[in-house]
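Student: Sequences and hints are given; from them, build the entire structure.
Chains A and B, in that order, are what the protein sequence lines are.
Mapped onto this note's numbering, the consecutive letters of the first sequence carry residue numbers 1 to 264.
Mapped onto this note's numbering, the consecutive letters of the second sequence carry residue numbers 1001 to 1787.
Calculated from the structure, these hints are not laboratory results.
In this text, a Cβ means the ideal position worked out from N, Cα and C, and glycines have one as well.
Hints may contain errors.
Away from chain B, derived, C-beta distances all over 10 Å, residues of chain A [unchecked claim]:
#1 R41
#2 E56
#3 A141
#4 D144
#5 G155
#6 K170
#7 P179
#8 R210
#9 E213
#10 D225
#11 L230
#12 L251
Computed list of chain A residues with no C-beta within reach of chain B, every gap over 12 Å [as the list claims (entries may be wrong)]:
#13 D14
#14 A21
#15 G23
#16 K58
#17 P206
#18 A243
Cut-off 27 Å, straight-line C-alpha distance, at most; resulting in silico cross-link-like pairs (BS3-like, lysine-lysine) [as the list claims (entries may be wrong)]:
#19 B:K1306 / A:K228
#20 B:K1306 / B:K1185
#21 B:K1185 / A:K44
#22 B:K1274 / B:K1241
#23 A:K262 / B:K1654
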Amino acid sequence: MYDFKYQKAASVADAAKVIGADGEAKLVAGGMTLIPTLKQRLAKPSALIDLGGIAELKGIRREGNAIVIGAMTKHVDVANSPEVKSAIPALAELASHIGDPAVRNRGTIGGSIANNDPAADYPSAVVALNATVITNKRKIAADDFFKALFETALGSDEIVTAVSFPIPEKAAYMKFPNPASRYAIVGTFVAKTGGNVRVGVTGAGPCVFRWKEAEAALGKSWNGDALKNLSVKADGLNSDIHASSEYRAHLIGVMARRAVAKAG
Amino acid sequence: MADTGIGAAVRRKEDFRFLTGKGNYVDDINRPNQAYAYILRSPHAHAMVGKIDTSKAKAAPGVIAVFTGEDIKVGGLPCGWVVKFKDGSPQHEPPHPVLAQGKVRHVGDPVAVVIADMKAQAKDAAELIEVDYQPLPAIPTMEAATKSGAPLLFENVPNNICYDWAIGDEAAVDAIIAKAAHVTKIEIVNNRLVANAMEPRAAIAEYDFGTGEHLLYTTSQNPHAIRLLMGAFVLQLPEHKLRVIAPDVGGGFGSKIFLYAEECILTWASAQVKRPIKWTAERGESFASDAQGRDHVTHAELALDKDGKFLALKVSTQANLGAYLSTFAPAVPTYLYATLLAGTYTTPAIYAEVKAIFTNTVPVDAYRGAGRPEACYVVERIVSKAAQELTIDPAELRRRNFIAKDAYPYQTPVALAYDSGDYFATLDMALKAADYAGFGLRREEAAKHGKLRGIGLASYIEACGVAPSAVAGALGARAGLYEMAEVRVHPTGSITMFTGTHSHGQSHETTFAQVISDRLGVPIENIDVVHGDTAKSAFGMGTYGSRSLPVGGSALVKALDKVVDKGKKIAAHLMEASEADIEFKNGAYTVAGTDKNVPFGAVAFAAYVPHNYPLETLEPGLDETAYYDPKNFTFPSGTHIAEVEIDRDTGEVKLVNLVAADDFGTIVNPMVVEGQVHGGLAQGVGQALLENAVYDAESGQLITGSLMDYCMPRADNLPSFTVGTHVTKCTHNPLGVKGCGEAGAIGAPAAVMNAVVDALNAVGVNDLTMPATPEKVWRAIHRRLAA
Ligand SMILES: Cc1cc2nc3c(=O)[nH]c(=O)nc-3n(C[C@H](O)[C@H](O)[C@H](O)COP(=O)(O)OP(=O)(O)OC[C@H]3O[C@@H](n4cnc5c(N)ncnc54)[C@H](O)[C@@H]3O)c2cc1C
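Tutor: See the structure below:
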C-alpha cells in the first residue's frame, strides 16, 4: 500500500467538495474492493475520503411503492431487513449470498454499484428491478447507470446516496458462483413489475446487461418453458479458466429458467 | 490411567493456547531492533538477468541494505535425494541459487532482498530496483519442455529431463499384457496443487556477535533438517553455532519440510547488517514460492485374465518438478510413488517408468501423501475402469484381487514388503457405512429429479513411517530417517519429553503425552512435550510421511523402557529387593508377590536426591534418550467411498456422501485420528473437485495465483463425513501404529473421481480428469448428448 491521506467526510457535500477538487482522491465505503486494490499497489490515491460517518447515507426505508436503500447500507443489513424481506425477498436473498460474512459486514450497496464489477451481484437487481440510482446531483435510471467494465455514469465528483427499487410482483435471483471467489460466474435476476418483465444478467459479460428476448418471451408467458428455445450468443461474453463464454451463455438460460421457477 | 492413556479421546493439550489466541507463531515473535526483509521476485517465468541497479533502492528511506546474487556468495540449496536414470547414471542436479545468478526460471524466483527498518519501506524500495531482464521463451508445461529444440532451463540438462527412471521388468510385463484376456488403459492427469497452509511461511534471523551464534525462527516441519542442510551446504555454519526454532506452525502439508532460499538469505544477511531480520510471506508470495504438489501425466495399462484377476500393470509417468530440485523432489514421483503401484492387490508383475521434467514453474515437492496419492489414483482409477469394462462390480473386482489376510508379510513386485493389513475388513466396513447395497435405489430416485448419481471406491494403501535409513540410503536418500526421543523425568515426577518430530496440526503434545501417561502412570497434566527447537531436542528428522508416531513414538517407547528399567534398579535398592523381582505397573514399582511398592514419583525423587541410592553402580538422574530406526515402512490402508450427484444442466458435482474406513494400526487418540482423516479428506476432495494450479501456457504466469482463482475446499463443499477404523497392528514397531496423517488425501481423490465417472457412465462418458469442475463435467455430458 502506498502512502495516502485519510479523511472522514462529515457530509455528502463535504465529500463531494474534496473529490471535486482533488482528482486523485477516492471515496471509500466498505473498502472491500478498494483496500485490496491498494494493498496490491494497483492504485495510488492521494487521499481516501471515508463515507462511513455520514448518517444520511445509511438505512432502508419504504417510500410508496419503492424500497430506498442508502448507499452506505451494508449487504448484511439488506439481507436481514424486514422491509426488504417482505417487499423484495429476492433482493434480500441476493445480498445474503454476496461474498462471505466479513465482506457482507463491510461491503455496501453504493460501493458495489459504483465499482460495477462485471461479476458483482447487485447490478443485476438494479437493472431487472428498473431501480433508480440517486446521487448528490441527480437521479439516474438503471439502464443509463452501468456503462461498461468498471465504468458507470457517475461524474468525477458524483456520489451515490441511495438506490430506489420499485417493488415487483414477482422476482428471483439465481447465481452460479465462481467456486473460488464466490462472485457470480453468471447471475440472472428476473422481475415482473407493473406487468413489465425485465431480466438482468451479471457475471456473463463485461458489464451487466438485459436479456431482452427473454423479457419478451416471459412477458407473454411467465414460465420457464417460455425460455426453452431461446439462447444467448457467446460472442462478447467473458471467458476465463472457470467458465468459457459458451458455458456462460448456456448458464444464463439455465439460471433464468430456474429464477422464473423460483419466483413462482 | 485409561482415561488419558493409549486409546482415550483426550482433548488436545495444545488447544487451550490456540483457542485463546496464545499460540506463538513466527510472525508473533519480535526481536529487539528487528529489521524487515522484502524479497524482490521475478515477474518473468524465464529470463536472463543482466545488470541489477540497486542504487536508488539503497538510498530510499529506512533502507539498511540491498543484496543481489552478486553479493551473497553462498552455496546453493541442496537436494536430499539422488534418483538414477535407467542406465544407472545419476539425476541431473542443477544449481539452485538462493538469489538469481544471471537467470530466473519461474515467476517468483528470488532476485534481490531489501532490508529496511519497516516492512513498507522495504517494499517501497524494492520498486526502485532496476533489473535488466531479457525474457526467454517460457516452457511451463512438460509437453513444451520436452519438445525437440525446446529452450533449456539449465545448459547441462539435456531436454530438461532430470532423470528417466524405471522399476520392474518391462519385457516381462509387456509379454503378459500382449497375451492377456483383457487390457484396460487409462490416461491420467494428476493436477498440480498449492498447499496453502493457513500460516504463510515466515522467518526471523538473528546473529549474536558475542557468541557467534546464529538463531533462525522459521515455519518448518523439521528444524533439525533445516539446520543441517542450511549449515552444512549453504552457509558453512557448524551446528553448534546455529540454532533453529520452529515454534507454533500453522499447517505445513509438506510445503514446510523443505529448505527455502529466504531462510538462508535472512540468516546470512542478519550477520551482514548486524540486526535481526524478519520476513513474512504474503499469500501471493506463498503461491509464487512455496513448493507445490503432484503434477503428473500418466498412461497406464492393466492386464486381467478372463476372471478379472490382475496379471500385470504398466505405468508410464511424466512428473513436473518445476524450475529447480526442491529438497525431497526426486523421491516423490519414484520411491514414494512407483513402489506403491501394487496397491492392495496381488498384481504379480509391475513395470513403471518415470520421466522427471524441469519447467518454468514453482518447484514441486512432497504435498500431503507425496507420491502415494498419485499412485493410489492410478491404481484405483484403472481398477474401477476395468470393473466397468468387464461389468464386474467394482467392490467384487477389488475383493478378487486383494492380498489375502494370511499372506503377510507380503512381498510386492515393486520393492515393498507389507507387514500387515486386512483390506477385506475395511472394504466391508466402508460398503456397509455407505449403504452400497442401497445405491441403486438412490440412483433411481436421483434420476427422477434429473440428476446423475454415482458411487466410487478407492481401496488405498500407503507407505508411511518413513523410513528405514539403510533402505532409504540404498534408494538415494542423503539422510537417515530415524527419530529421537528424550524423556526427562523431573525430581518431583513430572515429565518433559523432547521429540525431533514437529507438530503443526498433528497434536503431538497430546498423543505423545498419552503414550507417556499410559506407560508411566503419570497424569497427563504433568507431562509436556517439547518440539521445534534444535537447542532443546537433541536431533530429529521432523514430521512428514506420517512418521511422527510410528518412528518418533517408537523412539519414545524405547526411551520410556530405559526410564522404567533404570527406575527398577532404584526401586530394588529402595525396597531392598532383587531387581529381578521388581515389577512396574499402574505407576508404581512392586516387589513381585508382595504388597511392597514405591510409586514412580518416589523413584524419580530418589534419582535426583540420591541419599539412599546405589551410587557405586548407578548414576543419579532419570533422563533417558533413545533413537529408533524403523525396520520397515508402515502400511496404512483402507477403503474410501464417495457418492456424488451431478446437475446435468450446469455440470455441478455435489458430493453427497464420503465414507472412510481406515486401518491405521493402534489408535492412540481416536479424536485426533478422526481430525486428521477429516482434514485429509477435505484436501482429497479439493483435488478431485476444486483445486488446480494453472499456469499460462505462453507466459508461464500462475493464473490461479490467489484465492480468488485457486479454489480451496470450504465447509459447504463437503458432506458430513462418516469415518471409522479397523485395527490390524503394525508388526514391527512397539506401539503397533501405522500413521494416519495422509490417508484422507490419498484415498479420497480416486474415490470421488470414480463416483463422478460412475455417474457420467449413464450418459456414455467413461473418463474425466481432475478437478471435475462444472464446465468440464457439463462439456463431457454435452458432447456425449450432442453426438
Ligand atoms: C472476498 C470478497 C468476496 C466478494 N464477493 C462478492 C460477491 O460474491 N458478489 C458481489 O457482488 N460482490 C462481492 N464482493 C465485493 C463486495 O461485496 C463489495 O460490494 C465491493 O467490494 C464494493 O463495496 P464497498 O462498500 O466495499 O466499496 P469500496 O471498496 O469502499 O469502494 C469501491 C469503489 O466504489 C467507490 N465508491 C464507494 N462508495 C461510493 C459511493 N457512495 N458513491 C460513489 N462511489 C463510491 C469507491 O471510491 C471505490 O472506487 C466481494 C469482495 C471480497 C473482498
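Student: Each hint: holds or not?
Tutor: The hints, checked one at a time:
1. R41: Violated, since 8 Å does not exceed 10 Å.
2. E56: holds (34 Å)
3. A141: At roughly 32 Å from the nearest Cβ of chain B, A:A141 sits farther out than 10 Å, so the non-interface label holds.
4. D144: holds (30 Å)
5. G155: Since the minimum Cβ distance to chain B is about 30 Å, A:G155 lies beyond 10 Å and the statement holds.
6. K170: The claim stands: A:K170 keeps its Cβ more than 10 Å from every Cβ of chain B (closest is about 22 Å).
7. P179: Check fails; 5 Å does not lie beyond 10 Å.
8. R210: holds (22 Å)
9. E213: About 19 Å separates A:E213 from the closest Cβ of chain B, which puts it past 10 Å; holds.
10. D225: Label holds. Min Cβ-Cβ 14 Å, cutoff 10 Å.
11. L230: holds (15 Å)
12. L251: Violated, because the least Cβ-Cβ distance between A:L251 and chain B comes to about 7 Å, which does not exceed 10 Å.
13. D14: holds (29 Å)
14. A21: holds (27 Å)
15. G23: About 23 Å separates A:G23 from the closest Cβ of chain B, which puts it past 12 Å; holds.
16. K58: holds (28 Å)
17. P206: About 18 Å separates A:P206 from the closest Cβ of chain B, which puts it past 12 Å; holds.
18. A243: violated (5 Å)
19. B:K1306 / A:K228: Answer violated: B:K1306 to A:K228 is near 48 Å, above 27 Å.
20. B:K1306 / B:K1185: Measuring from Cα to Cα gives roughly 16 Å; hence the hint holds.
21. B:K1185 / A:K44: Violated: B:K1185 and A:K44 sit about 56 Å apart, past 27 Å.
22. B:K1274 / B:K1241: Within the cut-off at roughly 16 Å; holds.
23. A:K262 / B:K1654: The given pair, whose Cα atoms are some 20 Å apart, holds under the 27 Å limit.
Hint check: violations occur at hints 1, 7, 12, 18, 19 and 21; the rest are consistent with the structure.
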